[in-house]
Structures are given as structure tokens and as C-alpha cells.
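Trainee: Sequence order for the protein chains is R and V.
Going by the working numbering, the first residue of the first sequence is number 1, and it counts up by one from there.
Going by the working numbering, the first residue of the second sequence is number 1001, and it counts up by one from there.
Possibly wrong hints are sitting among the right ones.
If you want a taste of the chain V side facing chain R, the calculated C-beta under 7 Å gives, among others [said to hold, decoys possible]:
1. 1020
2. 1021
3. 1025
4. 1096
5. 1108
6. 1109
7. 1113
8. 1115
9. 1117
10. 1118
11. 1181
12. 1183
Using 16 Å as the maximum straight-line C-alpha spacing, the simulated EDC-like pairs for lysine to aspartate or glutamate come out as follows [to be verified]:
13. V/1020 / R/41
14. V/1067 / V/1039
15. V/1024 / R/41
16. V/1024 / R/92
17. R/95 / V/1039
If you are wondering where the hints come from, they were derived from the structure by calculation, not from laboratory data.
Where a beta carbon is used, it is the ideal one built from N, C-alpha and C, also for glycine.
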Amino acid sequence: MLAKRIIPCLDCDLSVPEGRVVKGKQFKEIKYAGVPWELAEKYYLDGADEIVFLDITASSDARETMVNVIEKTCEKVFVPITVGGGIRSVADARKVFNAGADKVAVNTAALLNPKLIDELAEHFGSQAVVVAIDAKKEANGKGGYECYTHGGRKPTGIDAIEWAKECAKRGAGEILLTSIDRDGTNIGYELELTRKVVEVTNIPVIASGGAGNTEHIAEAFTKGKADAALLAGMLHFNKLKIKEIKDDLRKKGIAIRE
Amino acid sequence: MKPKIAVVDYEAGNLKSITKALLKLGADAKITKNAREIEAADAVVLPGVGSYARMRGMKGIEAAVKKAAQEKPFLGICLGMQLLFEESEESKEKGFGLMKGKLEKLKGKVKIPHMGWNNLKIVDRKNPLLKGISEEDYFYFVHSYAVLKSREEIARCEYGNGFVAAVARGKMFGVQFHPEKSGEKGLRILQNFLDMIE
Chain R
1 MLAKRIIPCL DCDLSVPEGR VVKGKQFKEI KYAGVPWELA EKYYLDGADE
51 IVFLDITASS DARETMVNVI EKTCEKVFVP ITVGGGIRSV ADARKVFNAG
101 ADKVAVNTAA LLNPKLIDEL AEHFGSQAVV VAIDAKKEAN GKGGYECYTH
151 GGRKPTGIDA IEWAKECAKR GAGEILLTSI DRDGTNIGYE LELTRKVVEV
201 TNIPVIASGG AGNTEHIAEA FTKGKADAAL LAGMLHFNKL KIKEIKDDLR
251 KKGIAIRE
Chain V
1001 MKPKIAVVDY EAGNLKSITK ALLKLGADAK ITKNAREIEA ADAVVLPGVG
1051 SYARMRGMKG IEAAVKKAAQ EKPFLGICLG MQLLFEESEE SKEKGFGLMK
1101 GKLEKLKGKV KIPHMGWNNL KIVDRKNPLL KGISEEDYFY FVHSYAVLKS
1151 REEIARCEYG NGFVAAVARG KMFGVQFHPE KSGEKGLRIL QNFLDMIE
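Next comes chain V alone, as it looks inside the complex:
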């Protein structure tokens, strides 16, 4: 059986690319804004671009998404990763608060938004999400805010003063970059995620 993946639609940007990437890897991915479909999925992917203000699009499904993040394989991408944290300098809306920390504007003498291909500084080499990934590999980033430090960080990116590029706690994962836009290495990360679904 193909794993059923719910790609959560909360009106926060392009969902097509991530869905098509998951389909290409053989998963049964479906875009949804329905709490029951999120509950029924084998794994949940939370994409998104923008700020915490997008939480407003989460009405009616927030509880289901938060529950999924704690109970089944879960991957937050870009804003989807940021929402795992508590709060943001940019908006009054609150995140899920599942990880400790807040979003801050990127610092240092660099162009903002941080847009383009950058490499990772891997903190947890053994993490299954990063299997087959090295510090030579590049990933596509587009963001102005980030979590600067986290207990759950498994990879960092040295842009400006540096920030958290990927987090993990059990099967709850988040990546600041866009694996669905990061070529074959990005697809490898998505495959690693799919491999964790039982």
C-alpha cells in the first residue's frame, strides 16, 4: 500500500510542487483542508510561505494538525517548520508551541530575504532525515525570519549570523529550506521522510 500523505492547505502558498514531488516518490499525496483527512493520513506535511499571520487560515484544522505533529510522521517545510515554535517577531499570532523558541529576523551583513542555494552544517549526523546528505550539498532557501537556536536542531545554515535549518524530535521534523525545490538532494530528504512511515 502506498502511504497516504495529507498536504495541509491553509492558504499559505504553492502546494503543487510538494504534492507532485511526493507523488513522484510513490506516495499517495493529497492536498486537504479537512480535519478528518488529516487524522486519517499516515503522515502529514505542512508546507507554507509567509508569516505567522497565516495561522488564520488554520481555523477548524489547527487541533488536527497539532495532534498529527505529535502522533505520526510530520514534516513542516519553511513556514510549516516555523509554526512548530512558539512565537514570531513578525506577527501577533502564536505558533503551535511544540518546540521551544521564537522566530527572529535574520541578522548579519547579508541580503535579506535569504534567497537561493545554500549548504548545511550538519549537527546530528545520525538523524534519519539527513541520510545520504553531506555538507557539500545545496538546498533552496527563501525566507527573512528564522529560529536562531533550538535544542532540537539537526542542521544549521551559516548565513549572516547563522540559523536553524532543520529540526527533529522523534518523528516530528521541520526544514527551513524547500526540499521540493532543491533538486535530487531535496527529493532524497523527502524519500528519507517517507521511509519513516510504517
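The following block holds chain R by itself, in its conformation from the complex:
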């Protein structure tokens, strides 16, 4: 049986020489969490099913630092690695694949130029293309969700559910769905948003934003129907270890890799 995945997410500030992992709250209030490849190895040894690196520096100088981070990580981490942030073209993607990444995640660049999804899928296969969607509940009370770009700063007027559908149609292999409202809050995933996206797509969906305890993760799988759960702050600041989380989920009857 296909296991539900637990995926640590490392937001990387690559403006310092080795890069550093940071974590914010609702995409702000940034705190320092560690060296990227050291944290990645720690999570791997602790049972992470995949590792996601997101470059939040958004400058071209950061690209070489990211290549270094991926190469160092691949020496010791033997689970799939996804890299996102600042990937705008097939050439950008090729650089991170050559460094050893298995998948790339695109967000802003795909919303500005949806054809990028088709191009990436054609060159590297759908399995290697993740579209990250940062969604926020609309303030009009109609219950819709809107896509944001530029690290959650710019509203786009694009409906998140419709966009997810389009991504899947264009050849995305997976959706990394983050609720901006829940990010860093520890009050649980946005289950309604997650379930809606799962129901309109036929590709795996990773729930992100808001996990504070194991029950939240279990809910993402059962009520939210997600295929994987992304974790950041909950792990970085040692609230819980991946192994403990996984043991707990297994006790709740969820298919989880040991």
C-alpha cells in the first residue's frame, strides 16, 4: 500500500556563504534554524520520506549556493530531494537536476507563465515537476481561495482551486499546497482547501502550513485526503521528532514508512 509521506521543508536564506535554514510565521517574523545540509541529514536519519529545499533569497547569486547545498546533501541523504525558489526556466531547472535534485518546485514563475509547467514536464517528465501554490482565504466571505506570488506578498486574483486543476492538466506531477493563513500558526492545516484541491486533481497533493501536532497531520491525511504532509517549524524547533510523529501516525492506522 502506498504510504503517506512526511516531508520536512527547509526554507533557505542563501545570502550567507553556506546558506541557512529559516522559518517564519505567516511568511514573516523570520527565525534561524540551522545549516541546510546538516538539517537535511538529521531529518533523513530520523525517517523523512523526502526533503524539500525552498530558496527564499530570490537573487541570482543564490543559485550557486543552492547547487552547493544540493551536492552536499546528496552525499548523505538517500531520499528524493525537491528544490524550489527562483526557478524560471528549463535552464534553471537543469542546474538543480544536475546538482542531484529529483524534482523542482515552481510557484511565481508558473503563475506568470503557465507554459513553464508544460515545458518542464516535457523536458524532465511530470514526476519531476511540483507546482507550489500559496493560497489565502478570500476576505469576501464567499469561501474561495486566492493564489499569491512573491513569497505570499502579491495577490493575483487567480482562484487556487482552478489553478490547481490547470497545473495538473499542463503536466504537473504534484501540488505543494500552502495555506498562507495557517503558515507557522501551529493550529492545523487548512483542511477544506486541501480536500478541494485533492478532489479536482488526479495527482498527489502535499498539505502545507499550520501543523502543530500529530493529530493535525493525521487530519490532513484523513479529512484533507492529502498524500503527504509538509512540516517545518514543528521540526526545526524540536517540538517533535519525525520518528515520534511517524510512530504516532502508525498507531492511528495510517500507512507510514518506518
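Here the structure of chain R is known, so what remains is to put chain V in place on it, guided by the hints.
Mentor: Okay, now just chain V, sitting in the frame of chain R:
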């Protein structure tokens, strides 16, 4: 002496991870697209993602790879395993035809590609490649096509209507999953393979 492993480069995806995994296990692994290096290696690993169309990248080395598969320890991973078979629904290119069977699109009420961690149904418990592996263990899969049945199957995976997850004939092995991405259990499979090199 460290065993010399040729990791065949035919422009079919990420070769770094498998090479680094073999290095970590103490092998002298080298990425190559040179027929002589493939012939000189103690064992050959054929990785790869994509379809049979990738056979086009095999020009000039196809004979050497095929010969290695029959004469020394050989491990095909994902597409590398699929190429041991004859043909594919997905492409006009032919495989090596060293094992009987063809690739078909996965069937059943499941998401395709089959992507993520799944466990095995072990068919041949005594096979040395699967030493220390149980049906509780998970491996990382990423594929849409597979061989649905094979005389040489040593493990299956029950996804959709099921497919062949690993094959063996003598020292010729193939795995549909990615041992280099399957954590410590994946490394165990690679170690089992290295242990078969004399």
C-alpha cells in the same frame, strides 16, 4: 581492492544520487558513456528515468551494456530494469530483449504516475538481492509503465492491478523502484548487489 562500478550515462536523468550511494558503500563508482570503461568494470549499473525513447542515447555503447548484462553483475534501475525487456507500449524503440515481456501502462483505479513509497510482495525469498528485506519495508517508486508479469520476477508490487518490482536471472538484476532514493533499506539492496561481486 574496491570493486569498480560503471554507472552508465545515456542521458536519461539523475546519475549523481546512485553514484554517491555506491561511493558511500565503499565502491569505486564512476559515471561513464565509454564502451571500454563499461567493459573494464567489475559490475555495471544502468539507471535512468523516462521511456524507451532514451535508447537513442545508447548509441555506441549498446553492445557493451548488453554484453555486460550477460557477463557480470548487472543492476538495472527503473528505466534501466525496463530496458532488459523487449518492447514498450510507449515507444517504438526496442529494449535489449534479454528478458521476455513488454512494458504496459499501469492499470487499476489508482493515481498515475505511481509515485511514492510502497512495499513489496516478495516472490523469491532466497534471492541474494533481497537479503534482509521484508514485506514491511518501503521503497521509492516513480513510474507510469511497468512489466506486469515476468518469469524472472523476484518481487512484485500491489499497486493498481500489480506489476513486477524486481527481476533476477543469475547475476542480472533489475528493480523498478529507486534503491538510491529508498533510505537505509534501499542502500541494503545496493550493498547486497555489491556483495555479489567477486
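Trainee: If a hint holds in the structure, say so; if it doesn't, say that too.
Mentor: These are the hints, each one checked on the structure:
no. : hint            : result
1   : 1020            : 5 Å, holds
2   : 1021            : 6 Å, holds
3   : 1025            : 10 Å, violated
4   : 1096            : 22 Å, violated
5   : 1108            : 12 Å, violated
6   : 1109            : 11 Å, violated
7   : 1113            : 5 Å, holds
8   : 1115            : 6 Å, holds
9   : 1117            : 4 Å, holds
10  : 1118            : 5 Å, holds
11  : 1181            : 5 Å, holds
12  : 1183            : 6 Å, holds
13  : V/1020 / R/41   : 14 Å, holds
14  : V/1067 / V/1039 : 8 Å, holds
15  : V/1024 / R/41   : 14 Å, holds
16  : V/1024 / R/92   : 28 Å, violated
17  : R/95 / V/1039   : 31 Å, violated
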